[in-house]
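Those sequence lines, one after another, are chains A and B. According to my numbering, the first sequence is numbered sequentially starting from 1. According to my numbering, the second sequence is numbered sequentially starting from 1.
I should point out that these hints are in silico values taken from the structure, not numbers from a laboratory. The beta-carbon is built from N, C-alpha and C at its ideal position, and this holds for glycine as well. Please note that the accuracy of each hint is not assured.
[Unchecked claim] Going by beta-carbon spacing under 7 Å, a handful of chain A positions derived as facing chain B:
| no. | residue |
| --- | --- |
| 1 | 32 |
| 2 | 107 |
| 3 | 132 |
| 4 | 141 |
| 5 | 146 |
[Claimed, not checked] Non-contacting residues of chain A with respect to chain B, defined by C-beta distances greater than 10 Å in every case (computed):
| no. | residue |
| --- | --- |
| 6 | 54 |
| 7 | 106 |
| 8 | 143 |
| 9 | 145 |
| 10 | 180 |
| 11 | 233 |
| 12 | 244 |
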Amino acid sequence: MNKTETLSPEQAARLHKDAIVIDGLSFYYDGPTPRLNPELITATNVTVAETYNDFGAAVEEILTVRAALARDPGARLVERAADIEQAKQDGVVGIIFGLQASLPIGTDLSRIGKLYDLGVRIIQLTYNDRTWTGDGCLEPVDGGLSRFAREFIEELARVGVALDLSHVGRRTSLEAIAASPKPPMFSHANPAALTDNPRNLTDEQIKAIGERGGLIGCCTWAPLCYKNRAGVQPTVDDFLDHVDYVVDLIGIDHVGIATDSACTANTAWVAQHSLEFNTAFPEIASGYYAHFSDRTGITQPVGVEGGIADLSPITQGLARRGYREEDIRKVIGGNFLRHLREVWGS
Amino acid sequence: MSTISEEARALHADAIVIDGCSFFSQGWHERLAIAGVTALQMTVPWPGDDFRRAVRRYQHYYRLVNEDARLGLVTSTEDIRQFKREGRVGFILGSQDADILETDPGLVEVYHRLGVRVIQISYNERNLLADGCLEPTNAGLSRFGKAVIREMNRVGIQVDLSHVGERSSLEAMDISTKPCIFSHSNPKARADNPRNITDEQIRRCAETGGVIGLSPWPPICWTGGPNPPSLDDLIGHIEYVVDLVGIDHVAIGTDSEATPGAYPKELRTSLGATYGPVTGRFQETHPGVRHTAGFESMEGFPNLTAALLERGWRPEDVRKLLGENLLRVYRESWGA
């Protein structure tokens, strides 16, 4: 990488406002919110249903999100890659509908097309536990892809839904990368070499997704980038070390960013959600929270405390580290846009 | 089949006879009397059923027993003995899949309160608990699967491991604190089929105190040769398991209809699509063969009793095979 022409903070600020910025994972969008500022964020993959929902409950939640979107002049549904570029031009934020679980699909593949019709464009193969398709990252067994999963992945590719392998067990994810007709992604995960966590990725997984032409959204959620320093809130530089690591391993074209933060400004909801998650899955979060009395509050690194509300410190940090302008554009959104265009087919 | 001796007829009539795996009853049928069964473990939900669909299918069986005094619902082993004394036939409510639990181990107790006493933890393919026997991955139990087995042990539902992948079944037997059963499976050593089970599975099952229900269903009873399966093949499977783990660990699961013709066509068609690895080679070798000669349906039960006596089996051992072993295991698993 050419690191000779370091951008000034002013240049980096202008670049961030000009660039397409995509957050690879956020959740709880409930209508107009000051946290989605089109000058700072262009589009985001929003989880539109709880991970434990069955099909009926997921459809109801998606319809609720669609209704919220209809009364928000500042946001718009993304159904194809061009919609993201158009959103940037029009000064609104693009909302990509994603699911972090295949539970709503159950064992009925026709539901993938039905969810597509409702706007869903990204589906994660499993959450932390086992489903009919494969094992989640907390399953001690990690049995690999089921027979059904192979049909499931074919159907995603046929319909034009991006395959997300975050939260998936390591063996299951490697088999999915090999089986998928289109490149998959890890929308929000980090190298386990820097932060050891069942949610993070081995070098083998990172290399496999790079070789397949896929994408990793490096994640600012503190338990995934705190470098296992219990009770210490990481900084934006700790996070950027994870970006550097992936870039060094598989190159600049396969890295994006993701916050795993809430779109809503409803802090009570977010605190409750965090508490429920951290109670349900201590294997993921308890190491980080070990020395914090409050298991709900500090979820993002120093410097990007607001998560999706302001990602410009990441652009600033990349500039400080000597990333060239075109490479910064790739990391903060360009790679996600290219990847989604490729797997969606438009 | 040769005629049935008076001795065999009397023994069969007096014994408790349990079919460890049956399905699709539409009410009383003379088949039940011909078979001489005291109780049948009935597969009620269809594969993939969720909670609501499963509950609606169980209701059907409440109606059958409510409308006909010759039938009854079994919720304890004492019920089975009682039905024997009264000359009635008992239905044991079961399931051959665990999708009916959706994602909630708490539903195990709900099903127990509905009268369900046997649940098989997976069916050929992977589900949220375990791999089925057709999954090449042969994965072990999931976290949910372990939670469900603990809950089945606690509330008193029999763990059934037929159709389950080998590794998942071994792990289930490791963690279950109650006896496990294979309600309808044969030894792989004699009949090489993905549905059948290894010597290790048979030994582990016996170590839990459980039973293996040997089955006349042709594709898994067939020993692979030019001859279609026969009662002698079934007896060979039984005696193989007896030699391996003893007389206390064998039973019969006929895997046959409780009412002839009641198996819904649409279900047969949809299941058939995934059944190639189980039935393919058998059907190619023996096209058109639908029955095991001498044990064509559960009506073949008395023939089995007669043949075993002719082979010199002791009457008390025949009784164990026909029902007493399953009764012992159910009692331990159900706690009643």
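Hints and how they fare:
Interface restraint check: residue 32 of chain A against chain B, minimum CB-CB distance 34 Å, threshold 7 Å, status violated. For the restraint placing residue 107 of chain A at the interface with chain B, the shortest Cβ-Cβ distance is roughly 5 Å, inside the 7 Å limit, so the hint holds. Using the Cβ-Cβ criterion of 7 Å, the hint placing residue 132 of chain A at the interface with chain B is satisfied: the shortest such distance is roughly 6 Å. A cut of 7 Å between beta carbons decides the hint on residue 141 of chain A: the least distance to chain B is about 4 Å, and the hint holds.
This hint holds: residue 146 of chain A has a C-beta 4 Å from the nearest C-beta of chain B, less than the 7 Å allowed. Annotated as non-interface, residue 54 of chain A brings its C-beta within 10 Å of a C-beta of chain B; the closest such distance is 7 Å. The beta carbon of residue 106 of chain A sits about 8 Å from the closest Cβ of chain B, which is not more than 10 Å, so the claim that it is off the interface is violated. At roughly 2 Å, the least C-beta separation between residue 143 of chain A and chain B is not larger than 10 Å, which violates its mark as non-interface.
The claim that residue 145 of chain A is not at the interface with chain B is violated, since a C-beta of that chain comes within 10 Å of its own (minimum 7 Å). Under the 10 Å C-beta cut-off, the non-interface status given to residue 180 of chain A relative to chain B holds; the minimum distance is some 17 Å. Taking the minimum C-beta to C-beta distance to chain B, about 30 Å, the non-interface status of residue 233 of chain A holds against the 10 Å cut. For residue 244 of chain A, the condition that its CB be more than 10 Å from all CB atoms of chain B holds, with the nearest at approximately 35 Å.
Consistency with the previously given hints fails for numbers 1, 6, 7, 8, 9, ordered from lowest to highest.
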